[in-house]
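Could you build all of it, start to finish, from the sequences and the hints given here?
Chains as they are written, first to last, in this note's numbering: chain A, 1 to 149; chain B, 1 to 436.
Hints were generated in silico from the structure; no laboratory data involved. Honestly, I wouldn't trust all of these hints.
Footprint (simulated), chain B over chain A, 3 or more residues, beta carbon under 8 Å [what the hints assert, rightly or not]:
(1) 62-75
(2) 78-88
(3) 110-121
(4) 124-133
Take a look, some chain B residues computed to stay more than 10 Å from chain A by CB distance [said to hold, decoys possible]:
(5) 37
(6) 84
(7) 158
(8) 175
(9) 178
(10) 180
(11) 201
(12) 273
(13) 282
(14) 305
(15) 333
(16) 354
(17) 378
All residues carry an ideal CB built from backbone N, CA and C; glycine is no exception.
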Amino acid sequence: MNGRIVMAALAALLTAAAQPMPMPVAVDPAVLRAEFVARSGSDTIFFAGDSHGLDQAARATLTAQARWLRMNPQVRASIEGHADPRRTREYSLGVGERRANAVRDYLIAAGIPPGQLDLVSWGKERPVATGASEGAWALNRRVVTVLKR
Amino acid sequence: MMARLLFWLIAALGTPAAAQVPAPEPVTIAVPPLPTPTVTRTAEGDTATIGRRIAEVIAADLGSTGRLRTLGPDGVRAYAFPEATGPQFHLWRATAAKALVSGFVEARSDKRLTVACYLFDVTTGRELARQGFVVAPPDWRRAAHRCADSAYAKLTGNRALFDTSIAYVAESGPITARVKRIAVMDSDGSNHRYLTAGESTVLTPRFAPRGDRLVYMVFTAGGTSLQLLDLASQQSRALLPGGAIAFAPRFSPDGRKLVFAMASAGNTDIYVAGADGGGVTRLTTMPGIDTSPSFSPDGLKIVFESDRSGGQQLYVMNADGSDQRRISFGNWRYASPVWSPRGDLIAFTRITGPNLAIGVLSPAGTDERVVTNAWQDEGPSWASSGENLVFHRTDPASGRTALYTTSIQGGAARRLATPQDGTDADWSAVEEEARR
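Structure below.
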């Protein structure tokens with residue numbers, strides 16, 4: 001992806017988004033995601049241990065994500081839950097769903113129509129960090145809000 | 001009939017279940033090359049070469065169980081064809097061998113091969129078993145597995161396990177972007193083939209009891225689904241309506257039902273359905289993650305794991321979901337239970353911190369013990385013998401995975417060679433038994 005073009009498009013979008021208005025459907029997905037991340041702070045929130053509880057940082061991020069999703073009702077989002085590799089595969093799929101569901105519930109409570117949100121559990125199948133350390137595991141215990149358009 | 005040999009085996013192997021470590025002393029069995037009456041060329045090499053390769057397969061099979069120590073085919077006395085049915089026992093008694101596999105390979109006029117094998121008690125000179133096969137030359141390996149099965153079953157009293165297949169997930173590429181494909185191979189790693197192309201992530205292939213179908217989980221653009229794959233036609237179809245997050249599928253012992261986990265609204269429960277995916281019935285309702293269900297061999301009970309009490313523990317219930325009882329009470333987590341085909345044990349993954357190990361315990365929750373020792377061993381599946389397990393092991397530094405087999409009698413786990421990394425192995429029933 002051409003970084004300068006994305007940045008230019010992003011600047012234009014940020015200006016335009018000062019007023020709630022539907023995003024044009026033909027926007028490049030990378031641009032859409034960059035704008036979503038810039039507005040929400042992050043597309044990813046993290047969890048402790050086996051928990052699916054939302055801490056203060058997670059809630060702040062999700063509140064901002066919900067604000068953006070409300071302004072962009074034509075954008076579908078896939079709420080994708082992940083677990084770290086310390087548990088078994090078939091348990092991790094349950095953990096991922098539990099986390100994604102907690103995020104989905106929060107977004108719905110914040111006014112997002114349930115039909116705008118899909119839910120996926122990747123279990124421990126899609127780690128972003130490798131290695132057997134708490135630092136790597138913490139990065140993998142996450143829910144990512146993936147825009148689908 | 002084979003009282004002396006049996007007595008010897010019982011003395012060597014019949015230690016109480018609670019005292020299995022270290023491994024019992026294996027019985028030594030000689031497996032010299034199979035001779036041929038006339039060296040004849042075939043599409044698979046000449047009959048003398050095939051005779052040697054058959055002995056290699058038999059020795060590798062028998063040696064992989066932890067129950068038997070093999071002599072040969074290298075370094076033991078080779079005999080001529082006439083001796084196949086009348087061994088020179090005094091010569092074998094001078095070795096460590098207590099049992100002997102002999103036989104022969106002969107080319108037939110119809111281009112097929114006769115493969116014969118005999119099992120003898122070296123001490124008494126008695127014949128314990130005999131098998132004969134007429135096979136196309138490329139199927140000599142299958143005949144070898146059947147010979148090994150016959151010897152193993154006779155010597156141990158267990159059900160046979162070598163003429164079987166293993167399905168698993170073949171993994172390649174970086175850990176953060178793994179390509180996962182369903183693959184199937186013979187239990188010794190031969191005859192390997194891929195069943196999915198790798199464009200979608202796939203997990204947990206599990207054989208139907210007859211070995212003709214596999215159920216597995218796939219991730220697609222629209223979410224996840226359970227797929228039923230017919231091995232003959234290579235056709236897959238989705239089993240449940242779209243949108244369901246279903247995983248951990250397994251067939252019932254009669255092949256007519258599937259039990260699986262399904263997650264909804266933050267709660268994962270156990271469900272059962274017909275083998276065609278119809279008639280979905282919920283079996284558990286407790287808040288928490290209930291997953292990894294496995295039927296008892298009589299089909300009357302189901303073992304599963306649940307974190308309803310906090311950490312993951314094992315529970316047994318009736319096949320209709322009634323009478324759910326916790327059976328594990330150790331100070332660690334228990335996961336991915338699988339009921340033995342013999343019914344006497346449940347294998348599971350024991351979780352202590354980041355460490356995963358394979359353990360077994362009785363269906364009542366007693367006689368728990370650990371049978372592997374590495375950083376992460378998980379996903380056990382039983383061989384039809386009820387004594388051997390296949391599982392996958394993860395390397396802590398690289399995150400790479402490989403399949404291993406082990407005997408619950410003890411001894412070191414053996415790596416099963418695969419072209420790529422492997423996880424989620426499932427060991428089929430013996431093909432001959434399964435097709436009855």
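Cross-check of the supplied hints:
1. 62-75: violated (count 0)
2. 78-88: Our answer is that it holds, as 4 residues pass the Cβ test (under 8 Å) against chain B, meeting three.
3. 110-121: holds (count 4)
4. 124-133: holds (count 8)
5. 37: Given that every Cβ of chain A is farther than 10 Å from that of residue 37 (chain B), nearest at about 52 Å, it holds.
6. 84: holds, 48 Å
7. 158: Given that every Cβ of chain A is farther than 10 Å from that of residue 158 (chain B), nearest at about 27 Å, it holds.
8. 175: violated, 5 Å
9. 178: With a cut-off of 10 Å, residue 178 (chain B) comes too close to chain A, as the shortest Cβ separation is near 7 Å.
10. 180: violated, 8 Å
11. 201: violated, 6 Å
12. 273: Answer for residue 273 (chain B): holds, closest chain A Cβ roughly 17 Å.
13. 282: Since the minimum Cβ distance to chain A is about 15 Å, residue 282 (chain B) lies beyond 10 Å and the statement holds.
14. 305: violated, 7 Å
15. 333: violated, 8 Å
16. 354: violated, 5 Å
17. 378: violated, 5 Å
The structure does not agree with the numbered hints 1, 8, 9, 10, 11, 14, 15, 16, 17 stated previously, though it agrees with the rest.
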